[in-house]
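Engineer: Spelled out, the chains give:
4 protein chains.
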Amino acid sequence: MIIREGSYVLLFHTPRKKWLVKVAVAKKMHTHLGVIDLSNVIGMEYGSVIQSTEGKTIYLIQPTNYDFIMKSERKTQIIYPKDLGFIVARTGLENGSKVLEIGTGSGALTTFMASIVKPNGHIYTFDINPDFMAVAKRNLQKAGVIEFVTPSQYDPHLGIGIKNADVAIVDLGDPWTVIPQVYESLKNSGSFVAICPTFNQLEKTAIELRKDSFVDVESVEIIIRTLEAREGMTRPSSRMIAHTTYLIFGRKVSN
Amino acid sequence: MIIREGSYVLLFHTPRKKWLVKVAVAKKMHTHLGVIDLSNVIGMEYGSVIQSTEGKTIYLIQPTNYDFIMKSERKTQIIYPKDLGFIVARTGLENGSKVLEIGTGSGALTTFMASIVKPNGHIYTFDINPDFMAVAKRNLQKAGVIEFVTPSQYDPHLGIGIKNADVAIVDLGDPWTVIPQVYESLKNSGSFVAICPTFNQLEKTAIELRKDSFVDVESVEIIIRTLEAREGMTRPSSRMIAHTTYLIFGRKVSN
Amino acid sequence: MIIREGSYVLLFHTPRKKWLVKVAVAKKMHTHLGVIDLSNVIGMEYGSVIQSTEGKTIYLIQPTNYDFIMKSERKTQIIYPKDLGFIVARTGLENGSKVLEIGTGSGALTTFMASIVKPNGHIYTFDINPDFMAVAKRNLQKAGVIEFVTPSQYDPHLGIGIKNADVAIVDLGDPWTVIPQVYESLKNSGSFVAICPTFNQLEKTAIELRKDSFVDVESVEIIIRTLEAREGMTRPSSRMIAHTTYLIFGRKVSN
Amino acid sequence: MIIREGSYVLLFHTPRKKWLVKVAVAKKMHTHLGVIDLSNVIGMEYGSVIQSTEGKTIYLIQPTNYDFIMKSERKTQIIYPKDLGFIVARTGLENGSKVLEIGTGSGALTTFMASIVKPNGHIYTFDINPDFMAVAKRNLQKAGVIEFVTPSQYDPHLGIGIKNADVAIVDLGDPWTVIPQVYESLKNSGSFVAICPTFNQLEKTAIELRKDSFVDVESVEIIIRTLEAREGMTRPSSRMIAHTTYLIFGRKVSN
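Heads up: the sequence lines are chains Y, H, F and V, in that order. Here the first sequence is numbered in my numbering, starting from 1 and rising by one per residue. Here the second sequence is numbered in my numbering, starting from 1 and rising by one per residue. Here the third sequence is numbered in my numbering, starting from 1 and rising by one per residue. Here the fourth sequence is numbered in my numbering, starting from 1 and rising by one per residue.
Bound conformation, chain Y alone (with noise of 0.2 Å):
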């Protein structure tokens, strides 16, 4: 596939030096691994590979939603691709599914769902706040799935017109909250999952789901290790993030 202007590419050195950008004519990077001139890129192909002024080996990779995530505009802490996959997997989201998202944030998640959801699947996503919407627009705007999502700025607290959704997923400091008002439009067996940092966040919302006509309530924690696999000398990574959230499942049945 061509690189064109207005492409994005993945300037790829290394796991640890990257740059997610947008390709334009007359454009160039300063980096401190030298100058890269976007404008020599136009017409190569992703997978290619430059040199920057000083002489550094640079790979253009055409970008996944997984670069457009990890390197997105951020306001609030993001969701981990750890966290987003164990969150499509349980739920069973799939292509065409229709989901509600109680919390858009920076649009990390939302962007991930909506790459799976698309073309006749549907994001209905819900935040109070106008900044995090913002930044969500564009992130989703950079990642070319906007049109499969629904933004508003609204506090879903004062009731929400989805009905029959089939996934639900709420990233709010107090989940518990909103709880009848995802029950409500839930389709019969739907799948809602909370985002719960804390151990405390994650106590509330287990006792309320079981109040709340949810069954088969499931807490977990998904962990990712790296390893430096090299020749005679394997071992587990010596750092590694710790702790970014626990999630929890239910699924909606009859009251």
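None of these hints come from the bench; they were simulated from the model. Possibly wrong hints are sitting among the right ones.
The list cannot tell twin chains apart, which means a pair is met if one copy fits it or any two copies do.
[Said to hold, decoys possible] Cross-link-like lysine-lysine pairs, in silico, DSSO-like; alpha carbons within 30 Å at most:
#, residue 1, residue 2
1, Lys118, Lys187
2, Lys71, Lys118
3, Lys71, Lys17
4, Lys142, Lys163
5, Lys17, Lys142
6, Lys142, Lys118
7, Lys118, Lys22
8, Lys18, Lys56
In this text the structure is predicted, and so the values were computed from the model without any measurement.
We have chain Y already, so just place chains H, F and V on it with the hints.
Structural biologist: Only chains H, F and V this time, still in chain Y's reference frame:
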């Protein structure tokens, strides 16, 4: 949504007592919770509640891919949802992707990926073992995604006639042996992932990937820990699955 | 070292098939590996090998505290070696230490600490439960350390007549309730540790410790993961103990 | 206990701002919390509180082995308390033990073990590196345990003149190369442990141990996770040390 003859239902009592069944007239499930008469559930809505002959509560849950995978017929070690989800999140697999899978096994990963890439994406999956292939086809049929999958009983070491795959997944005992073939099948900057249960497989695969013009090579382990969230006594569960597999990722660049 | 009548021997076949026995004339162990005649081992050296009547290899291992603890008689959840070891390393407990233990339970931690502080140090241990106390005394006797321990069946909420303890360990369901009493018993800058299986216990204990002139308050979880190290197929074990307890530490300062 | 000239004090402000110092007349510590005048602390009791010239609270903590180890002078990667503690708990090392250590490094493990085996036990420790040996001796002196240790700058591959050790610890890059020598030095049914940061070292050591009449061979990793325990918002810490080393254990039997 209404349960009809031929529908699949997850009969849910507790997380450890649940059954995935196909509804049919005059079919009865004999369990240690009593008999469940499936004739009665025809015409009921998913999410409803029934009782076994011993008065136990059974919820009629509409199965998701998660349920189909966890309750699938198995000839091989399946790939767990924690790993399935991260494979999708990390490779950027999304709706419309063209995917190459080497090592179909029981088809759990195939099912999951097909539910995401459909209707315009496609999974090309290879396994030399005819027994595995037969089981995988049955599981794909049951999950309703077989039309988005081309399964081949074939040894991919002999060369793969697929070009421009967005993502390639290798689940073999010796994943490093097919890296040259996979390289040919991937699009430039396409994503590679191998399933490596042991350190030794991980190390060998990492060495070969680096030789073969893959960059952004990253080795990870995804760990899931469940918690008991109960009022005043919340804690991690006492036992857990400690290890299923390592995952190694890379992206193809020009050589 | 020679095995005599009355000696303890660990009869070791595999990590999962091992028995801790007291050797006696005419005593026979009946196992599913056949009968082991203990008369025969009298006069043999530790480290020798015998065979059961079914021809299975049995190693005669001299038991360590680890074996006495793992094979101890139990009325309560024992504290595991991973936690025992860290308690000693983190509190600075050493030869000669004066130790206060509240909640003797089955005496596993008591046994371990006594083996370190003896002959000049001492453990003062309290439990209100007479059944636990009886079991603990038998376990301490068996491990040969009872002379370095003063066990008391007594409620330490009523006040503890110990002063200047170097280290205090609390293993109660409500460890925060004895913090003032423990404060009085510790020497200045002495170490405190509580065993807290749940988050809720941990949080309450942390709050009380900070109120009560303890500094360097640190909460940790120690996790042990076993690995299968075998030529060409080394990997973490598939299952593990996921959680036993949290530990919370502090040091007394003047108030 | 009173702080005197020549005493060691841990000047504690927070877990990340603490200094281990030897008290002397006219000695001043210059820190970014202001100056701390050590003349003033002579005659005060451990556990007391002073203020820096900038009005910051400093606690005068009596250092434990934990503090000496964590604040020790280092030429090498030290062994962490989580691993130190488990080595002691798993090998049965206790008061009075005779211990062989190959690979003294900076002496952290030596210090810890000496504090437990003293006054009747002893540590025989070997390192071929004269720089490491010099650092280790200074650390042992500082911690006050050097009289219970015999350090030798010597290559143990040439044969070790120690017999009947209760426990042997190997901390070399190639621990499998000294297994025959260690076997000769251990008592029958004595405990062996090797420090193996990589899986390759672990695998090779396991293979050699099984060849060389060691049984109960067990490979483990000890992981420590800290938690933030705060009212209403308790959670695991965001970052952690992911890996220090694997540990492999065995017990000598007759060959």
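Engineer: Hint by hint, say whether it matches the structure.
Structural biologist: Here is what the structure says about each hint:
| no. | hint | result |
| --- | --- | --- |
| 1 | Lys118 x Lys187 | both (19 Å within a copy, 22 Å between copies) |
| 2 | Lys71 x Lys118 | both (22 Å within a copy, 27 Å between copies) |
| 3 | Lys71 x Lys17 | within (12 Å within a copy, 34 Å between copies) |
| 4 | Lys142 x Lys163 | both (29 Å within a copy, 28 Å between copies) |
| 5 | Lys17 x Lys142 | within (21 Å within a copy, 43 Å between copies) |
| 6 | Lys142 x Lys118 | both (16 Å within a copy, 23 Å between copies) |
| 7 | Lys118 x Lys22 | both (23 Å within a copy, 29 Å between copies) |
| 8 | Lys18 x Lys56 | within (12 Å within a copy, 42 Å between copies) |
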